[in-house]
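The hints should help you fit chain B onto chain A, whose structure is shown.
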Amino acid sequence: MRATFTLAIVALFALPSVAPAQNAGGWQAMSYHDFQVPSTTDPLQTLVWPDVIREANAYVTNELKRPLAGRNALVTALASTYRDGNRTIIVSTALSRACESGANDKGAGIEPSTCPLRIVTIENGKVLAIKSDTGCYVDHADPDLPAKNRNDNSFTRYDPAAGTVSLRTSIGGRDVPSCARTYSLK
Amino acid sequence: MRTQLVSLLLTIILCGSVLLSASGPATAAQYCERTNYSAQDITNAVRNSPLRDDLKGTSCSLGGLGRFESGGNKGNYNGSCCTGIFQLNNANVQKYAGTDRAGYGCMSLQDQVDAWARLTNDGYNSPAVRQLASMSTFDGQKVDASFIAACIQLGTGNCQKMLNSGTCSGFADINGTTICKMANNARAMADPNCQDGQAVCGPSGPGDFPTSTGIAANPPTASSASIVVNPTDV
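One line per chain: the protein sequences are A and B, in this order. Going by the working numbering, the first sequence opens with residue 1, and the numbers climb by one from there. Going by the working numbering, the second sequence opens with residue 1001, and the numbers climb by one from there.
Just chain A, with the same shape it has in the complex (with noise of 0.2 Å):
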């Protein structure tokens, strides 16, 4: 488990998005995770997102009855990761039977969901906060989307001052009002 949770740590610095607290000013593309291929080393499936992992790989086995012969459940997160001096900051929303999905219907068209969102701080190897609220989660882009849907995306900012990270989403080119959030730290 210790062994697991250093990885885990190591791994951060390694996150290919991690984004330095002075380009804070701008949106960062929150980036699209797949936990299908179990993981050790990865924050998100380690510190992140155990239990939501851990529930969709009950639900498929117990309630699907399918076996996952060694993967995990389909569980999607988007993330962001900044670091702030000795700390590190990791942004992600996941999508769970806890989100709300919005319409199912023939004539309905690409909605978000409100999904559980994270907000981990790391400082010196150690978890110092989990914060929990919801978030907006955007479908992952392929290419049977409609064009307009292909880049629908969530954006995230941190603002070091201030203590926040503010999340905005975009869907067929346009600001989804009800996802524009501003959560502090403090």
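Mixed in with the good hints, there may be bad ones.
Okay, derived cross-link-like pairs now, DSSO-like style, lysine-lysine, Cα gap no bigger than 30 Å in a straight line [unchecked claim]:
1) Lys1142(B) with Lys1161(B)
2) Lys1161(B) with Lys131(A)
3) Lys1142(B) with Lys148(A)
4) Lys126(A) with Lys65(A)
5) Lys1161(B) with Lys148(A)
Hints were generated in silico from the structure; no laboratory data involved.
Coordinates of chain B only, in the frame set by chain A:
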């Protein structure tokens, strides 16, 4: 020279078509075989699903809902959000069927209905559904199981918007389908010969709709009640 010109022309056409297919609008698509399940077929799958028993009581109208959504074609993708017999959106396909849109469109009717049933069961506990189930009518429409299923179908967040507005028009999808209209369509498209378990399709009157807390737990206020029964009268 002529060969080079033909090659150039073919290249331009090929590149153009690739670019068009990459940036053009997605259209409705078909995953796996096209099916034409009847309202009764869908009703039978609902009865065999893990759907809560109180909602199964009006499974005839839920067969109608499946026909309304997909025409009985389980592989239908509407070109934006939704796929399958009940047109589950992309997020709910992943959450409740554990697969992606194409995988879901190729699942059996029963597996699709089972995923929809689990979504509906979860939605039943949402604040919006509890609020709706505590009413006998909403905007002049009877609140019955079809109405409650339509509330969950169009999204409990959207259903809450309708409830907050006080009118059926408080939420409509991009085609103008309201929750009230969907419930009416589901009732109308049920198999006319279908027999529900406890009642014929479309329960009538307050008290016929399912509620997990029981009618006695949701009494009207004394000032609005026409009959007041005191504890000593029982």
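Verification of the supplied hints:
A threshold of 30 Å between alpha carbons decides the hint, and for Lys1142(B) with Lys1161(B) the separation of about 18 Å falls inside it, so the pair holds. Our distance criterion of 30 Å between C-alpha atoms is met by Lys1161(B) and Lys131(A), whose separation comes to about 28 Å. Between Lys1142(B) and Lys148(A), the direct Cα distance comes to roughly 39 Å. Violation of the 30 Å bound is thereby established for this hinted pair. A C-alpha spacing of about 38 Å is found between Lys126(A) and Lys65(A), which places the hinted pair above 30 Å, so the restraint is violated.
With a C-alpha separation of about 26 Å, the suggested pairing of Lys1161(B) with Lys148(A) holds against the 30 Å cut-off.
The structure fails hints 3 and 4 (numbered hints given earlier, in ascending order).
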